[in-house]
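Peer 1: Here's the letter readout for the chains.
There are 2 protein chains.
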Amino acid sequence: MTATLRLGIAGLGTVGVGVVKIVRKQAALLAQRTGRDITISAVSARNATKDRGINLSGYDWEADPVALAQRDDVDVFVELMGGTDGPAKDATEAALAAGKDVVTANKAMLAIHGRDLAEQAESAGRVIRFEAAVAGGIPVIKTVTEGLAANEITRVMGVMNGTCNYILTRMESAGLPYEKVFEEADDLGYLEADPTLDVGGIDAGHKLALLSAIGFGTVPDFDGIEIEGIERITIEDIRQAADMGYRIKLLGVAQLTGRGLEQRMQPCLVPASSPLGQLEGGTNMVVIEGDSVQQIVLRGPGAGEGPTASAVMADVCDLARGIRIPTFGQPVSTLRTAPSASSVLPAPYYLRMALVDKPGALAKIASILGASGISIDRMRQYGHSEPAAPVLIVTHRTTRAPLDEAIAAMQSTDVLAATPVALRIENL
Amino acid sequence: MTATLRLGIAGLGTVGVGVVKIVRKQAALLAQRTGRDITISAVSARNATKDRGINLSGYDWEADPVALAQRDDVDVFVELMGGTDGPAKDATEAALAAGKDVVTANKAMLAIHGRDLAEQAESAGRVIRFEAAVAGGIPVIKTVTEGLAANEITRVMGVMNGTCNYILTRMESAGLPYEKVFEEADDLGYLEADPTLDVGGIDAGHKLALLSAIGFGTVPDFDGIEIEGIERITIEDIRQAADMGYRIKLLGVAQLTGRGLEQRMQPCLVPASSPLGQLEGGTNMVVIEGDSVQQIVLRGPGAGEGPTASAVMADVCDLARGIRIPTFGQPVSTLRTAPSASSVLPAPYYLRMALVDKPGALAKIASILGASGISIDRMRQYGHSEPAAPVLIVTHRTTRAPLDEAIAAMQSTDVLAATPVALRIENL
Ligand SMILES: NC(=O)c1ccc[n+]([C@@H]2O[C@H](COP(=O)([O-])OP(=O)(O)OC[C@H]3O[C@@H](n4cnc5c(N)ncnc54)[C@H](OP(=O)(O)O)[C@@H]3O)[C@@H](O)[C@H]2O)c1
Ligand SMILES: NC(=O)c1ccc[n+]([C@@H]2O[C@H](COP(=O)([O-])OP(=O)(O)OC[C@H]3O[C@@H](n4cnc5c(N)ncnc54)[C@H](OP(=O)(O)O)[C@@H]3O)[C@@H](O)[C@H]2O)c1
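If you read the protein sequences in the order shown, they are chains A and B. The numbering of the first sequence is the UniProt record's numbering, which starts it at 1 and goes up by one. The numbering of the second sequence is the UniProt record's numbering, which starts it at 1 and goes up by one.
Keep in mind that the hints were calculated from the coordinates and are not lab data. Here a beta-carbon is modelled for each residue, glycine too, at the ideal position from N, C-alpha and C. Wrong hints could be hidden among the right ones.
[Said to hold, decoys possible] Derived SDA-like pairs: lysine to any residue, alpha-carbon spacing no greater than 20 Å straight-line:
#, chain 1, residue 1, chain 2, residue 2
1, A, Lys-25, B, Arg-380
2, A, Lys-50, A, Ala-3
3, A, Lys-25, B, Thr-84
4, A, Lys-25, B, Asp-291
[Unchecked claim] Just so you have them, the derived chain A footprint on chain B, three or more residues with Cβ under 8 Å:
#, segment
5, 292 to 301
6, 348 to 362
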């Protein structure tokens, strides 16, 4: 250990600027707590002349993040550019090859390339830390890998995309349709450059893949996640859910059973009075269940300059203190590859359909459900509005396969005016 | 680092037995995660013949915990006997002097002797870890000292005594008086041998002293805490609070301001719809606020065999992994001694009084409050029941000093039938 821990920061957007601010504002505190000075040697971003509201003149500028990652005066490479591949991955690999530890907030890169990168880190005797990549300011990676290290983790759940939660809660509180709130969120700068990453559930899926990996000791398996976005949720769904005592959340659930690893990231109905149901706006919540600890719930800001930078700097402090947990909490060679076992656990489902106005339409739907072994708990039909009548069904517990089979059968009839929406009901 | 980390466990009660169970049940998992085998060399308790429901024959028995702490085949001394002084402290000191790290769940010992013990640990080049001592299974020590290490902590709050929370929520749900529920709790084994530790707020106060110390970098200052127990809370108080949209919780609040360190552990009225207000039974909740992260809320089981042992073993895993944070998160020499500045922050108060049935009694109370500069927001008087009429007052924001002054003045009149109850209203 040298007395000073020297950072190279690539990416000076929301998070990067937040990190620079903490390094400056809390220099004394960081030194007191970690026993070392933490400094910045050099920074990198695309645009060298942009005013970022902070004075960068004390740091060398590197146009190329790879060159930054390789500098002799950098001990820790801090990757805050984003992107699954491209400069983020190139620079991360260069940093590891040059013997530097890496701190990143990049869930996309780690969810896809996590295993390979962890392997590279391990053979170089380095670590990759990524506290900020999951649930922003909430120290959930540390909680799972260290705070609950003595537990066999049995389930992790979370609302981990603030933008989706903002959209869903705002639709409910303002009584606005999805499209309107989506526009609002865009105007507020809440959406990623590619908004399907948020509303399509991809971003939250990346986070779930990382959470599963550290929780269950499995290789991150983003492709094994059953992902559904919130794009098809209507204000009517939200109202119906509320009527039944539920709220709709984009909920991630991961569970390792004898059958394999179940990972879902989907809009679900959760009890309105549950902690997850009560979550408002951009706040995130993660629930971790372990054999000894029972259940731990963590709540906090899932994004934003300060909270995300707090998590990045927690990783930096760990490194300054000599804390070097393997990237996914245990050596890469010990990570298991579990078969994907999505949707084998039964649950009641909420089904919304638009039926064409034909006699016998509803009977046809009911008999198709019955043929797939799905029984109806509650049903509600809305008069005979034109051109199609909305029908809402709550099923008894079923698994996804017969439900999908029934939906396919419905779609091959002539009674549906649109593709049905099916939402799992999670009675947490 | 030897390949194996060898424990000596003193205390085989609720927590000790839980720890032995985890070491056995999760041996493979612990080795995978920490890279080392974790074993038990020897154990100690008072009664060598008691059936503890686990097989202890594989471990050496030491009648004397001090001898256990000094054994050559012990790397980490695990203190789970409890008690501020006596064998717990003697054995902890012996362990440090013999060059062993210490893991303990003992908040009483650390709240009182924490500074001295941390100093002894530091000069021996050892650490004392105490995750289980605050909020049981919730990894709050790790969250504050590591997960939020880059934050200036601005406030910590918590409901951290499950027994008190059980009593208060049970009084409300069952409509039972304090005495009845206290008996129930006793029958259920929820109470400490000396129950005033629980219901008097002492146990929760010990936890708050530790939380303040790590949050603010101050010397643990148990004596500086304004402590009030829940013994005087009546079912009527709970009902009145509910009427106004509040619930009564034994809430700890610590805050470091320019004036000094404010630490309170008192029954308070908190909004019924807030996360703290909704906390049921033995569950604990800790709220941590920092300059960058804003607010993090942690919820989980505050006691019990499994959860507490989970926290003890998290500390053991840290040590196995070579994580060695100073006892209070930073070197003892850098801990500040802040003046105690309790109750300087104003809040509305709930006041319950019993007035003797005399004309002008209420006017006298109102004028005393007015003379102390306290204005009344709401008041409610209950007919003229015999021998005294209950009167409830909600004040506008005031600090504690004028309130105490007013209460003293009231008591020197002849209109009070009993000492008034004053509860702070925390609009979180
Ligand atoms: N924002 C959040 O609240 C949040 C929360 C958790 C995790 N994260 C993650 O944190 C990372 C950064 O997010 P952000 O919100 O800070 O992004 P951002 O505001 O878009 O900033 C990205 C930064 O990277 C720089 N950059 C992009 N390509 C580059 C290249 N080829 N070479 C050098 N610099 C390059 C950009 O430079 P210019 O400024 O010159 O364009 C910009 O400074 C992402 O992985 C994101 O998923 C963000
Ligand atoms: N219980 C919880 O949920 C919880 C939660 C958080 C923290 N804690 C803390 O954890 C510690 C242990 O609590 P616990 O609930 O496990 O207590 P407990 O059930 O009363 O067990 C105490 C153990 O210490 C042993 N002991 C007492 N004096 C001793 C002596 N002089 N020499 C050797 N052994 C001695 C006892 O021996 P015998 O069995 O032979 O009498 C017993 O095994 C305390 O500091 C407590 O505050 C407990």
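Peer 1: Starting from the hint list further up, note which numbers the structure goes against and sort them upward.
Peer 2: 1, 2, 3 and 6
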